[in-house]
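*Asks:* Each chain, letter by letter, is given below.
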Amino acid sequence: MEKFTTLSAIAAALPEANIDTDKIIPARFLKTTQRTGLGQHAFDAMRYREDGSENPDFVLNRDPWRKAEILITFDNLGCGSSREHAPWALLDFGIRCVIAPSFADIFFNNCFKNGILPISLPRDVCERLMDDASMGENARLTVDLARQVVIRPDGEEVAFEMDPFRKHLLLEGLDDIGQTLQHEQGITRYENRENQEKSWMPSIHID
Amino acid sequence: MSHQPQAFEGLRLAGRRLRHPERTIAVVDHNVPTSDRTQPIEEPESRNQIETLERNVKEFGVPYFPLLSANQGIVHVVGPEQGISLPGMTIVCGDSHTSTHGAMGSLAFGIGTSEVEHVMATQTILQRPAKNMRVIVEGVPGHGVSAKDIMLAIIGHIGTAGGTGHVIEFAGSAIRGLDMAGRMTLCNMSIEAGARAGLVAPDETTFEYVRGRPFAPKGEDFDRAVAYWKTLSTDEGAHFDKEVTLRAEDISPTLTWGTSPETVLPISGTVPDPAQEPDEARRTQMQRMLDYMGLQAGQAISGTPVDVVFIGSCTNSRIEDLRAAAQVAEGRKVAQGVRAMIVPGSGNVKRQAEEEGLDKVFLEAGFEWREAGCSMCLGMNPDRLTPGQRCASTSNRNFEGRQGPGGRTHLLSPAMAAAAAVTGCLTDVRELV
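Protein chains in written order, with my numbering: chain A, 1 to 207; chain B, 1001 to 1433.
Don't read these hints as lab results, they were simulated from the structure. One or more of the hints may lead you astray.
[To be verified] The following residues of chain B were derived to be distant from chain A, with all beta-carbon distances above 12 Å:
| hint | residue |
| --- | --- |
| 1 | 1132 |
| 2 | 1142 |
| 3 | 1173 |
[To be verified] Covered stretches of chain B, going by a simulated chain A footprint (3 or more residues, C-beta under 8 Å):
| hint | segment |
| --- | --- |
| 4 | 1023 to 1033 |
| 5 | 1042 to 1049 |
| 6 | 1205 to 1219 |
| 7 | 1224 to 1233 |
| 8 | 1388 to 1402 |
[What the hints assert, rightly or not] Partial chain B-side listing against chain A, Cβ under 7 Å, derived:
| hint | residue |
| --- | --- |
| 9 | 1006 |
| 10 | 1095 |
| 11 | 1096 |
| 12 | 1110 |
| 13 | 1114 |
C-beta: ideal position from N, C-alpha, C; glycine also.
Using the sequences plus the hints, can you model the full thing?
*Replies:* The structure is reproduced here in structure tokens:
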């Protein structure tokens, strides 16, 4: 997984609440067997017209936001399905950081697993960042994960909260399976105890 | 429970195996056609995805119900049906409707593909304790009111983010009175209320349901398991971060009018007017929903014509759901111009329905009687709406384009869906039964 340390980038505003994962990546694009290549279908229904051409009004179809690496929305971003294709599509498009007043739980977790930083900030702050974003190239936002601040174009710093463990994994780009397997002895101890206490637990075998 | 190629790809790249394949089950559901299965699958991407899964389960030794097995079906129907999902378990699957299995009295929730890979490799998952929420429904549901109506009413009450960060325990006399299928419908849609997991404390209804199922403990083992399962109820005076109480008597047959599961109405209701909404962002969103759904503010929802009726999905495709739909369909005909589909949740549900003669009821009425799968719930297989089509659907999400680009979804119960099929419009089922 790619490390996330600091990001200085163009931000795009999608001033909507409840942007669900079907909107981020419709189910018909989930038949891929890989994690990459979904960026072209990100926000498909908003991004393309019925004839397949780009919708020129959609922010991610306009310069400079085509190159946006930060996305700012309103509440409950990523609600709906657990599809990890949502962060994969965002990442493949180039988004490394999402900012919203709140996130749906599963999407929030999935972002961390893919090196996307989700930042939760109050709605009025998001609105101000959206104003910055509307200025495009001249108004890059900088996200400094180590210091936990978003730096606005005028230099103002907005602090955000972050779980220390997740921060550590992002900063180091660590694979969390490897992390967990460091505790293998503990897992085995637990399993042995469970097997004794609940020997009735089924084993599934299908011929 | 697993169906995701990218998770196996990750294991392979890292040279890892499953820690406990015997605690894992794989099925195909999302992308399978629900028509004749003796022919090869037409869509090349779906075929590739299924063939990839079949290679993966073989390579990694994962128990698997293949497409042509009678046990194949939607994972959230198959797990409980087979006695694989049991009280007290922690169950995860790469699908947000894994919350369904909470009806067994287990902690069950959806995870992303990377987490599926993590669970396969370590049999553990890193979690922060969720907050507790209790939704209490007291009383006796009225005529024509099912678990689906209760859940839609709950989501309407607390909103699609009402349970975010929480696990919901469903409690109260109306919940205890539900059969297991009803409890599964309820827990299934916990995620539509924002909660990753929902559960019902296991009781005699649960134990009787589990008894005798293929993978459930048998004989003395069963008795020992039940003794443990009986300890799995909430302590008297336990703290809940959030508590909501509804009265079952206040709930009518309910359906959605918009493109979010919280946009619910009783069938006797009228489509809300955005002009009455003080918050500007909400007002704009409501107007967009009305435009998308092709509805007018103030119109009665009852009487709205439908093009398609879909009875199926992990929310409502169990034998009890099919019986409820058949009761309405019996002796009636699907209205002219309406396509009505019945998609059983598993091969076993299908077989049982056929033993009970439900297939004949449906076929005589003019419904399609299809093979098990996720079908039209999510537009990921050939069963899809075309733009502008209006669908009365027993599934769980009414997002824009969910059932196919431009498709218009009204979520409702199996009985209400059958009522829409035979009348050709959204209808109060109480007028028919």
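*Asks:* Looking back at the hints listed earlier, which ones does the structure fail to meet?
*Replies:* No numbers; nothing is violated.
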